[in-house]
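Counted from 1, the sequence shown has number 22 at position 22 by my numbering; the numbering is strictly sequential.
Accuracy of the hints is not assured; some may be wrong.
Unchecked claim - Simulated restraints on C-beta separations:
id : residue 1 : residue 2 : range
1  : Asn-195   : Pro-153   : 17 to 27 Å
2  : Arg-101   : Gln-45    : 15 to 25 Å
3  : Ser-131   : Pro-153   : 22 to 32 Å
4  : Thr-98    : Pro-227   : 37 to 47 Å
To be verified - Pairs of lysine to aspartate or glutamate residues, derived as EDC-like cross-links and limited to a Cα-Cα distance of at most 20 Å, are as follows:
id : residue 1 : residue 2
5  : Lys-47    : Asp-128
6  : Lys-38    : Asp-128
7  : Lys-47    : Glu-147
8  : Lys-197   : Asp-156
9  : Lys-47    : Asp-156
10 : Lys-38    : Glu-88
Simulated from the structure, these hints should not be mistaken for lab results. Fair warning: this is a prediction, and the values are worked out from it, not measured in the lab. Every residue gets a Cβ at the ideal spot worked out from N, C-alpha and C, and that includes glycine.
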Amino acid sequence: MLWIHVDSISVRSLVPSNKFTLSKHYLLIVAPAVIPPKVDEAVRQYKYIPYISITPAAHLYAFRSSKETFSFNSQGILTAKGLDCSRERSIRFHEWLTASRIVEERVAFHHGASRGAAFASHHRVISDLASSHGWDIAQEYNISQRELAAQNPAHDLTGLDMSALTLVATQAAARKTLAPLATSAKSRHALTAPNGKHFCFNWAKSAACSFGNNCTNFHGCSICGDPGHGAGTCNQRA
């Protein structure tokens with residue numbers, strides 16, 4: 001459902017097949033969710049799809065800015081100028097949910113039920129992460145996993161990749177003052193604990209370390225500081 005100002009728009013040419021009602025200077029379009037042809041083609045080619053590009057907000061923005069990804073052609077059909085990923089992280093959770101359902105259906109259509117089910121599994125994981133770790137971490141995990149899948153179609157999207165989540169959570173923590181990046185470490189992802197040591201990656205992943213008390217790194221959470229768990233299982237929103 002979309003309200004559009006129509007002072008300078010030809011209603012009949014804009015929406016030749018959609019149901020609509022006109023109230024003063026505004027047009028209410030009632031239409032099913034659609035996916036622009038260029039986005040659908042990207043799904044067919046199994047490329048990375050910015051979900052923000054298929055939200056109602058993106059459709060509405062097409063009327064307000066000539067610089068946006070979308071425009072309406074002379075037949076009133078929504079077309080994509082290009083797949084811009086720069087605003088992907090600004091998508092809101094409820095918008096993402098709607099877009100995810102559309103993508104699941106199109107992936108299943110182009111690539112079969114099994115791959116469509118893999119995307120559905122991935123989307124359920126993201127919904128769970130949004131509740132347990134916050135939307136920012138869930139979205140970072142979502143983007144990183146779908147980028148991997150686009151680069152390597154064999155990448156398994158089903159279930160939760162704990163190693164990937166740990167890395168995402170650790171990188172999120174690095175952006176906070178709690179755990180700054182360790183400049184002298186061999187790994188560019190290493191973080192400095194409050195006592196000056198580096199956070200232990202094994203502990204961050206599973207709250208366990210084979211070196212035990214002999215480990216030279218710090219056993220604790222780089223997000224909340226709790227020594228009882230690692231960043232990969234932290235419930236605090238980063």
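Now the hints, each set against the structure:
1. Asn-195 x Pro-153: 17 to 27 Å: Between Asn-195 and Pro-153, where Cβ atoms are some 44 Å apart, the hint is violated.
2. Arg-101 x Gln-45: 15 to 25 Å: Cβ of Arg-101 to Cβ of Gln-45: about 21 Å, so the range 15 to 25 Å holds.
3. Ser-131 x Pro-153: 22 to 32 Å: 29 Å, holds
4. Thr-98 x Pro-227: 37 to 47 Å: 41 Å, holds
5. Lys-47 x Asp-128: 25 Å, violated
6. Lys-38 x Asp-128: 30 Å, violated
7. Lys-47 x Glu-147: Cα-Cα ~8 Å, so holds.
8. Lys-197 x Asp-156: Violated. Lys-197 to Asp-156 sits at ~35 Å, over the 20 Å cutoff.
9. Lys-47 x Asp-156: Holds, because 15 Å separates the two Cα atoms, which is no more than 20 Å.
10. Lys-38 x Glu-88: This hinted pair holds, its Cα atoms lying about 17 Å apart.
When the structure is compared with the earlier hints, violations turn up for hints 1, 5, 6 and 8 and for no others.
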